[in-house]
Amino acid sequence: MTIFNLFRKQRSAPTARERLQVLLAHERSSNGSDLVSLLREEILAVIAKHVQVDSDKVQVKMDRDENVTILEIDVEIPLDAVSQAA
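Counting in the working numbering, the sequence shown runs from 269 upward without gaps.
Note that these hints are calculated values from the structure, not bench results. Accuracy of the hints is not assured; some may be wrong.
[To be verified] Label pairs and their calculated CB-CB ranges:
(1) Asn335 to Pro282: 17 to 23 Å
(2) Glu310 to Asp333: 29 to 35 Å
(3) Arg287 to Ile345: 44 to 50 Å
(4) Arg332 to Glu286: 15 to 21 Å
(5) Leu347 to Val290: 31 to 37 Å
(6) Leu303 to Glu334: 14 to 20 Å
(7) Asp331 to Val290: 16 to 22 Å
Since we're looking at a predicted model, the values are computed, not measured. Every residue gets a Cβ at the ideal spot worked out from N, C-alpha and C, and that includes glycine.
Let the hints inform the model, and build the full structure from the sequences given.
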């Protein structure tokens, strides 16, 4: 870094990029519940093709971190349903 760079005007691109990332993160977090319910219904439909499962026994949870989004799916399958599918 030279002395001439101290007086040079900063570029606005990094600031705009940071603002856009904040905006996108906010939009994604607000739409997360719709995505989780949609995923739950689709996962339930796929499982129902192979095994009879009570829809109340399917839990779908989405956790977001700074770098990662975790989708956790918990399906309770009765033992007799497994023997019928085989």
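Comparing the hints with the structure gives:
{"no.": "1", "hint": "Asn335 to Pro282: 17 to 23 Å", "verdict": "holds (19 Å)"}
{"no.": "2", "hint": "Glu310 to Asp333: 29 to 35 Å", "verdict": "violated (24 Å)"}
{"no.": "3", "hint": "Arg287 to Ile345: 44 to 50 Å", "verdict": "holds (46 Å)"}
{"no.": "4", "hint": "Arg332 to Glu286: 15 to 21 Å", "verdict": "holds (18 Å)"}
{"no.": "5", "hint": "Leu347 to Val290: 31 to 37 Å", "verdict": "violated (48 Å)"}
{"no.": "6", "hint": "Leu303 to Glu334: 14 to 20 Å", "verdict": "holds (19 Å)"}
{"no.": "7", "hint": "Asp331 to Val290: 16 to 22 Å", "verdict": "holds (20 Å)"}
Going through the hint list in order, the structure does not satisfy hints 2, 5.
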